Every structure is written in structure tokens, then in C-alpha cells.
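Chains as they are written, first to last, in this note's numbering: chain A, 1 to 253; chain B, 1 to 312.
Not one of these hints is a red herring.
Distance condition first, Cα-Cα at most 27 Å in a straight line; then the derived BS3-like pairs of lysine-lysine: (1) K253/A / K140/B; (2) K140/B / K179/B; (3) K84/A / K108/B; (4) K140/B / K162/A; (5) K75/B / K253/A; (6) K75/B / K84/A; (7) K246/A / K61/B; (8) K127/B / K108/B; (9) K253/A / K84/A; (10) K179/B / K108/B; (11) K171/B / K181/B; (12) K140/B / K127/B; (13) K127/B / K84/A; (14) K29/B / K108/B; (15) K246/A / K84/A; (16) K29/B / K218/B; (17) K253/A / K61/B; (18) K120/B / K108/B; (19) K120/B / K181/B; (20) K75/B / K246/A; (21) K84/A / K140/B; (22) K181/B / K109/B; (23) K162/A / K84/A; (24) K181/B / K75/B; (25) K179/B / K75/B; (26) K29/B / K75/B.
Example chain A residues on the side facing chain B (calculated, C-beta under 8 Å, incomplete): (27) A5; (28) R7; (29) A8; (30) S12; (31) T86; (32) G87; (33) Y90; (34) E91; (35) S94; (36) A95; (37) P96; (38) G248; (39) K253.
These are computed hints drawn from the structure, not numbers from a lab. Just so we're clear, the structure is a prediction, and the values are computed from it rather than from any experiment. No residue lacks a Cβ here, since even glycine has one placed at the ideal position from N, Cα and C.
Residue strings, one per chain:
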Amino acid sequence: MNLTAIRAMYVSEMARFFRTFMQSFLSPVISTSLYFVVFGAAIGSRIDEVEGVSYGSFIVPGLIMLSVMTQGISNASFGIYFPKFTGTIYELLSAPINFLEVVIGFAGAAATKALFIGTVILGTSALFVEMQIQRPLVMVLFLVLTCVSFALFGFIIGIWAKNFEQLQLIPLLVITPLVFLGGSFYSINMLPPIWQTITMFNPVVYLISGFRWSFFGVADVPILTSLLAIGLFQGLCLLAVWWIFKTGWRIRK
Amino acid sequence: MTNILSLESVEKTYDSGFTALHGVDLTLKEGEILALLGPNGAGKTTLISCICGTVMPTGGKITVGGYDALTDFRKARSLVGLVPQEIHLEPFSRVWDTVRYTRGLFGKKRDNAHIERILKELSLWDKRDSRVVELSGGMKRRVLIAKALSHEPRILFLDEPTAGVDVDLRKEMWEVVAKLKASGVSIVLTTHYIEEAEAMADRIGVINGGRLALIEEKDALMSRLGRKSLKIELETPVSEIPEALRSYNLEFADDGYSLVYEYEAGASRTGITRLLSDLRDAGLCMNDLSTRQSSLEEIFVSLVQSQEEARS
Ligand SMILES: Nc1ncnc2c1ncn2[C@@H]1O[C@H](COP(=O)(O)OP(=O)(O)OP(=O)(O)O)[C@@H](O)[C@H]1O
Ligand SMILES: [Mg+2]
Chain A
1 MNLTAIRAMY VSEMARFFRT FMQSFLSPVI STSLYFVVFG AAIGSRIDEV
51 EGVSYGSFIV PGLIMLSVMT QGISNASFGI YFPKFTGTIY ELLSAPINFL
101 EVVIGFAGAA ATKALFIGTV ILGTSALFVE MQIQRPLVMV LFLVLTCVSF
151 ALFGFIIGIW AKNFEQLQLI PLLVITPLVF LGGSFYSINM LPPIWQTITM
201 FNPVVYLISG FRWSFFGVAD VPILTSLLAI GLFQGLCLLA VWWIFKTGWR
251 IRK
Chain B
1 MTNILSLESV EKTYDSGFTA LHGVDLTLKE GEILALLGPN GAGKTTLISC
51 ICGTVMPTGG KITVGGYDAL TDFRKARSLV GLVPQEIHLE PFSRVWDTVR
101 YTRGLFGKKR DNAHIERILK ELSLWDKRDS RVVELSGGMK RRVLIAKALS
151 HEPRILFLDE PTAGVDVDLR KEMWEVVAKL KASGVSIVLT THYIEEAEAM
201 ADRIGVINGG RLALIEEKDA LMSRLGRKSL KIELETPVSE IPEALRSYNL
251 EFADDGYSLV YEYEAGASRT GITRLLSDLR DAGLCMNDLS TRQSSLEEIF
301 VSLVQSQEEA RS
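With the hints as constraints, model all of the structure from the sequences given.
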């Protein structure tokens, strides 16, 4: 392992983030506040409680997950696509490093950024609603696993993408709908039975449900199923990364 | 001296099915400068890319400093610095940061003094805190060189280092190369400026159509292939070459005021002495004499042409 190189990549990726620190910090604060105004105040006044939790608090885990997933993907996919776009990827290819080290450096930085943003949202939420976290360790585990898996997923998208449209395509067409329909803002039990069944095919449901369980002890699906789901997703991403590593797919001509 | 680089029948067929390299053999001695010449699309960049790891060769064997470039890539690549043909730099990073980044990528410990030395050497020290977008084209190219030198490579690849660089800077670049050579770094450079190869290289290779058409010591090449011409300026012009001088294949120049005689520079008998005495016998008075050696450029062009003729 070339640890110096991993650190160089990680630090350089994080530097990009810190260059725009105010923006990176303010935008989740503002968007979270907006969510609370729209969902919490406007809709929350009609929905008192969901499964014994006030609606404002109920949406917090979903909100965090929503941001962490999209941020993890966009940071990682952009992070590795950008060198491809500017041509500076030649450096990564000619350096004495292997693909896994590149993944750790780039996806690691993207996961860190997502984690940072998730924490900011959690902090902002605490200003609006009363927060309780029943199982903090499980909460952290879920959060970290989600940051890492979606950063890996974003990394794969960045390697796959041949242009900026493709870079946006999967997040826009697949991830955003799945996240919004994954119970970020409602409990699955609130849906008609047929939709409840369909929703069970949405992998994001398991993540949000598990994450919410760590806060309130209520869940749409058993917590073990949730852990299995995120573990499975992580495993798939690692497998894909391994395959890219072996074949050099879309990296080396 | 040991070989810092050795290539054995290196081949590259791109995914498109196009074969850019047809089995190239090459060795480079430690501390040597090799200039690769060849027309656009000859395969120069592809060859360099195969050695540096940015392109996967589809056949053959490459070793750098004795390490296999594929199986022992960490050791092999840490000896190599690459300055790519295109200017690939992250636009918003700062000069100092981007140079330090490369050193880190190569797994070398932080060494600010070394980076300072390089930046000063390349006249970039004043620009160390500038963003890449704020630099001129020539400066950007020097940043690429600084990055390639940041990890103290034993062999440096310069892919058209002076393309789009003004005359002053080009001379400066030659000096940098000379200094690197003096410090023991081996260098492979590609160029379209033949005077550059003439000025810098120890050996010259010509690539054409994915094959190494020729590789030879520069001096030997110059004298082997170089033709010289002797120009004889006459006091009074002639309209016809005297019968006694026919065998020399003289040509007219300057409206008959000059005669030009071509001969092989390396030949043991050039025929000059005989020509001059024959001239006097023919009653021609000479004003001046001058000789000129054909440049590498002419050698190169005629070589490529003759190959193309042979193929068609
Ligand atoms: N990625 C690629 N896919 C397919 N063909 C390629 C690719 N890259 C280069 N080639 C082809 O390989 C041949 C050699 O290209 P290369 O870039 O090595 O030439 P070069 O000698 O460096 O030329 P130049 O002097 O213009 O830089 C060209 O015919 C080119 O079209
Ligand atoms: Mg080229």
C-alpha cells in the first residue's frame, strides 16, 4: 500500500471541498431549513405524528439520508470524472499506485464530505425540532456505511461516465426517485397496500428505515434486514470496483 | 553502463483495432538522451504512454531500471517522470500544490526544499502561488515539467516539450535538459523540431508507421547520411559547364555565378582536391568557397519519403 499516495489524493480532494467551505457548509443548512419550513410547518401541521413521533422529527433521518446519498454520489463521481475530463488522470495512471489506492483516496474523501454534510444537517435539525437518538452507535454505523457505499457507487459512475450528461443521468433518473419514494418523508404504512408491496423493491427503503430505527426505535422493516441491505449494496459496489481494477475498464486505453 | 530502459517487441493495438506500434525494440543507457522523431501519428506518444503506464501495451516486454513495467510496476514507475504532450493540469489548483501533489502520488516524503529548487530552476518560483488558469501556455508546460521532476525520476519522458514555446523559452528548456543530463537523468524526448534533436540528443530514433525506422548515435547518423555541398563562387558567370568538369555533376546556382558540388561527408575520397585543380585547368577563376552540411531535417525527410515510396 502506498499510504503517502493515498494521503495525497485524499488531501487534494478535501482541499477542493475546503476551498468552497462556506458553500459546502451553508447549502445543507439552508436546504434543511427549507425542508423544515415546507414539510415540517406546512405539512406537519396536518400530520401530527407518525408512529408516535412528531412529523418534524420523523423526517430528520430521511433528510439526512437523502443528502448523504446524493452528496456521496455526486462528490465521488465528480471527483474521479474531473481528472478524466481535464486529462490529469495521466498522473494517476503513471504513478506507482494501484486502482484500489485511487478508490480509497477519492471515494474516502467523498465519503468524508458526505459525512460532514450529514452531521451539519443533524445539527441544523436540532435547532428546529426536538432530537432524540436512541441508539447512537447504530446511527453512526448506518451513516458511515451509507456514506461509504454511495461514495463507492458514485466513483463507479464517474469511471463509467463519458460526458457530463452521463454523470448526472443515474443520480437523476435512478437515485433521486428511489430516495424520494423510499420513505424519506412518510412511513411506508401510510401507503395503500399495493404501493407498500411495490415499495419493498426499493432498496433505499431499507436504509432509511434502519437509520430511522436508530433514532426512534420504529421501523418499516426489521433492522437486520436493513443492515443486510446496506451490507449487500456495499458488497456489490466493492465487487464492481474489484472488477474495474482487474479489467482496467474505461481507465487505461 | 547499464540500461535504464529496455523494450522488446512492444506492440499496441487500440480498441478501435488500429495497430499503432508493430513490435518496437529499444534500449536506453543510463544518462543518455534519446530524441524520437517521426511524422504526426507515427506512434511516438503511444510508445511513451506504454512505458509510463497510461496505455496498456498489447504485446512485448518493457523494463525500467531492470523492473518489469507490468509485474513490478511500483518500482518501475517510481523511476519514471512523464511530461505529456497535451497540457493536462487542473485549472484551479496552485502551482506549488499541484507539484507537491505529484510528489505525494509517487509515494515520496515531503521535501519542500526540493520543490523549491525545481520551481526556481524552471523560473516558476514567482508563480508558486498562482492558479494554473492564470499562467501562460509556456508556463503551464514548465509546471508539467516541474511535476514530472518532483519525485526525482531516473528517467524523464518529454513528449514534445517545446511545442508552442517561444524561441527564448525553447533555449531555456534545452538548458534545463542539459542540466538534468548532467545530474545523471536519462531522457527520452519527442519533437518535430529537428534542430532540437540535433542540439540535445545523444542518439536519434525515427518512428514511422508504428515501427522504429532507425536508431543511431547522432554523430554517426549525421556523418553517415549527411551530405555536404561545396559552393564555388566564380569571378565571371558561366553558361555551360566545361567538358572536363562533366563527371562531377555540378549544378548551377546564382545565375551561373556559382557552381555546387555535392559529396558524402563521411566518404574517404571526397573528390574536392581533384575538382579544384580541374577547375583551375579549365580556366575558371574562383572568388570564394563555402561548404554546407545537410541538416538532420533533410535526412529525416528523405528517410521517411523513401520508406513511403518503398511501401507503395
Ligand atoms: N485512443 C486511441 N484509439 C485509437 N487510435 C489511437 C488512439 N490514440 C492514438 N491512436 C492512433 O495511433 C496512432 C499513433 O498515435 P500517436 O499519438 O502515438 O502519434 P504521435 O507519433 O505521437 O503523433 P504526433 O506527432 O501527432 O503527436 C495514430 O494513428 C492515432 O490515430
Ligand atoms: Mg504525440
